[in-house]
Amino acid sequence: MDIKNVLLIMRKEAAESLKNRWFILYTGCFSALALLVLLIATSGTNIAGFTGYGRTAASLINLVLLFVPLIALITGGISIASERENGTLSYLLSHPVTKSEVFFGKYLGLLIVIWFSISIGFGIAGVGVALRGGGGDVTNYLITALLSALLAASLLGVGFMVSAFSTKASKAIGICVFLWLFFIVLGDLGIMGTTVVLDLGIRQVLILALLNPGEVFKIASVLVLSPRFEILGPVGVYAVRTFGREGIFYLLFSIMALWTLVPLLLAYTVFSRLRKEEL
Amino acid sequence: MIEVRGVTKSFGSVLAVDGVTLDVEQGQAVALLGANGAGKSTLLKCILGLLDYSGVITVDGRDVNDNPKQTKSLIGYVPQEPEFYDIRTRDILRFFASIRRVKNERIDHVLELTGLKEHELKSTTELSGGMRQRLSFAIALLSEPPVLILDEPTSNLDAQARKDFLTLVCTYKNEGKTVLFSSHRLDEVDLLADRALFMRAGKVILEAKPENLGETLGLKVKINLNMAEESVDRAMSLLLEGGFPGVTKNGAGLDVEIESSRRMALIKKLIESGIELWDFSVDEPTMEDLVKQIEENGY
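Chains U and P are the protein sequences, given in the same order. Using the working numbering, the letters of the first sequence correspond one by one to residues 680 to 958. Using the working numbering, the letters of the second sequence correspond one by one to residues 1208 to 1506.
Keep in mind the hints are simulated off the structure, nothing from the lab. A couple of the hints might just be wrong.
[To be verified] Which bits of chain U does chain P cover? Going by a derived footprint, with three or more residues having C-beta under 8 Å, they are:
1) 694-701
2) 761-770
3) 775-785
4) 947-958
[To be verified] Subject to a maximum C-alpha distance of 30 Å in a straight line, what follows is the list of computed DSS-like cross-link-like pairs (lysine-lysine):
5) K698/U / K1456/P
6) K1410/P / K683/U
7) K1410/P / K955/U
8) K847/U / K1276/P
[As the list claims (entries may be wrong)] To be clear about the criterion: a stretch of chain P counts as covered by chain U if any three or more of its residues have a C-beta under 8 Å from a C-beta of chain U, and this derived list gives those stretches:
9) 1256-1262
10) 1278-1290
11) 1447-1461
All of these numbers come straight from a predicted model, not from anything done at the bench. In this text, a Cβ means the ideal position worked out from N, Cα and C, and glycines have one as well.
Based on the provided sequences and hints, a complete structural model is requested.
If you want it as structure tokens, here you go:
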């Protein structure tokens, strides 16, 4: 694999995406809502132990959970499928580049663009907090941003996996929207429902939560921001008591890393095994 | 330069290319002719390494499957319907120039050569069909590759755009580069090709020099002669007596079906006999005529 080609494709992909009106709309909405979150979060006094950066970050968690997975999944979902559909992938491969260079170049290009968008949202809110006098822990605020970036990386990989399987972009988008609903909207409800129906113990509930990247992000972010792990309920208490406060944090980080690497490698395996006529 | 040995390609139960063997020498221009579905585009895509196949294909001695990057770097490809990323014309040239490790100065040269200089800041989506074809040709020429593969490059162009495009390809060919192209049009083959290969049902069934293709198959051109009404009968008699049997009246003059090589002799005979021609035109045989003739000849 020629790294120069990967970087060239990455740059092209990022430049093209930055001009995409959907991306501009998404970034605009995310930034505007981040600004709104900032105004609300910094308007009151100390609530639930959060102040300044901590409160803003806590408020941003829900915004991130809603927006970042959706854009990461859909962006990843259409990435390969749309190029297969309109013939640009075949044309690109008629030049001296390999499938692996195309795959990783596209992934990195799109990831950078999503990270750029997250940075704008967190950046606006962060600067706003600073202008309003700061307060709270900046490091934890940055770790929350980093966790958001990891969440984007993992779900972009899931999106790529869907895309590698799909011959049509519309089909990929449909599957990705379903996955977004499954991971994010129905995540909590699913865990609660399963727990009630199967009468699960606290350990199984934790395992169930850790299988969902959205839940992992949420637990890790709350743990970073809150000095009181009881905020996570009995499962949080169990997790911290079992693994320790640092241990659970490293475990969550590792799971996020796995959620990034495994889908991406699976997507690459599927993509690299596609027959040439399928590209 | 290009060697194809026993190449076979199937899509499910459909045999698209059936054991094709051919050679294209360096500096040669070879045309692949045939009706839709004959296997021309599939064969070109196999040579480009865009499709899996059985058999052996080498470009400049390198196996396409074993050395995909090296062989692709030797080939400039113009697809039938080029699809580009939604970025500016100059940026897409810069992207492919970087992929092919070509200096940026070359971009200006190909923009000038293909007449796209004034459109360099337009997005590729704003370009017309002819301009897109020229852009794909510009990309193909970026690295001055020794081989050019064109897949029905003029099928979506209007008459002027087609003429401009063919002039560009002729210039390239005259530089001694190897050209392999598929076409539906016999006039393009006449203009560009040193050899013509006719494909049907995935097989090369006939090879001929373009200038002999018509004669090999007994193809005829149709000449429409426009003249004064009082001259029509005399001209008809003259032509029938002079060994031009396929003469019919058309209302404004005569239609004559003759071998392509005899067209000048026909005009000369009429002029020498004092027949005043107001105008004349030549209908070249079409690909459909060629296909029909090949089937009638039992190839």
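Status of the hints after comparison with the structure:
Judged by the Cβ-Cβ criterion of 8 Å, the region 694-701 of chain U is covered by chain P as claimed, because 3 of its residues qualify and three suffice. Against chain P, the region 761-770 of chain U contributes 5 residues with a C-beta closer than 8 Å to a partner C-beta. That satisfies the three-residue criterion, and the hint holds. Here the region 775-785 of chain U counts 3 residues with a CB under 8 Å from a CB of chain P, which clears the bar of 3, and the coverage holds. Taking a C-beta to C-beta cut-off of 8 Å, the region 947-958 of chain U contributes 4 residues in contact with chain P, enough for the three needed, and the coverage statement holds.
Under the criterion of a C-alpha separation no larger than 30 Å, the hint pairing K698/U with K1456/P is inconsistent with the structure, at around 63 Å. With a CA separation close to 41 Å, the supplied pair K1410/P and K683/U exceeds the 30 Å bound. For the given pair, K1410/P sits about 22 Å from K955/U by alpha-carbon distance, which is consistent with the 30 Å threshold. For the suggested pair K847/U and K1276/P, the alpha carbons sit about 28 Å apart, so the restraint of at most 30 Å is met.
Under the rule that three or more residues need a Cβ within less than 8 Å of chain U, the assignment of the region 1256-1262 of chain P holds, with 4 such residues. Requiring three or more residues with a Cβ within less than 8 Å of a Cβ of chain U, the coverage given for the region 1278-1290 of chain P holds, as 8 such residues are present. A stretch counts as covered by a chain when three or more of its residues have a beta carbon under 8 Å from one of that chain; for the region 1447-1461 of chain P and chain U the count is 0, and the coverage is violated.
Consistency note: the structure conflicts with the earlier hints numbered 5, 6 and 11.
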